[in-house]
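Working from the sequences, and respecting the hints, build out all of it.
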Amino acid sequence: MDYKMIGRYFTGLVIFCIVLFFAGCSGKENGNIENTFYIELDNFTNDSLRQSVSDNILGKVSYYKNEKLQVISLNFVTEDYPDMHYFESAELLGKDLKPGTKKIKITFSGEYTVDSISYSLQKFIYNNDTWNKISDMGFMKATNTYKKAKQFAIKEFGKQIMNSVVLYTYN
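Using my numbering, the first residue of the sequence shown is number 3, and each one after it goes up by one.
Accuracy of the hints is not assured; some may be wrong.
[Claimed, not checked] Derived DEER-like restraints, expressed as beta-carbon distance ranges:
hint : residue 1 : residue 2 : range
1    : GLU81     : ASN173    : 16 to 26 Å
2    : PHE154    : GLU42     : 21 to 31 Å
3    : LYS143    : TYR83     : 24 to 34 Å
FYI, nobody ran anything at the bench for these hints, they're computed from the structure.
Positions of the beta carbon are idealized from the N, C-alpha and C atoms, including for glycine.
Structure representation (structure tokens):
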């Protein structure tokens, strides 16, 4: 008789743990939706620069830890911090967009040189079946100060654009 009671308690405990696990996972996923920024790359004529920007920002998460901004790959997130921002490609957006979906458009401008590039950042939010512009940073310039500029230009520009985008999401 005691074994039946122990079996019932054990079964109940296992079911409770499973429900708790799924409830915890569901809550975390819903939190990601409102802090996900979809990145659209526009007018990137240099494929290497486009790839570098994509590699530096897409699939990443940013958060403040000890008052310092951290940007890491989504695969390495082990803790939850308040106000985590997730970055995905705008190409992942389907036709069933939810109101409040956020998008940042990075527009490349001018000619690509190993010394500097120009780009603009615009923030949009999806409401009433349209993308509404809520902020525009205007055109910015990324510069390269390496002596051997040709070797490091693409990586340096990608990092500068990534830093600008991440900071832009917190403003």
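Against the structure, the hints come out as follows:
Take GLU81 and ASN173: their Cβ atoms lie about 24 Å apart, and the range 16 to 26 Å holds. Roughly 26 Å separates the CB atoms of PHE154 and GLU42, a value that falls within the hinted 21 to 31 Å. A beta carbon spacing of about 32 Å between LYS143 and TYR83 agrees with the range 24 to 34 Å that was offered as a hint.
Hint violations for this structure: none, all hints satisfied.
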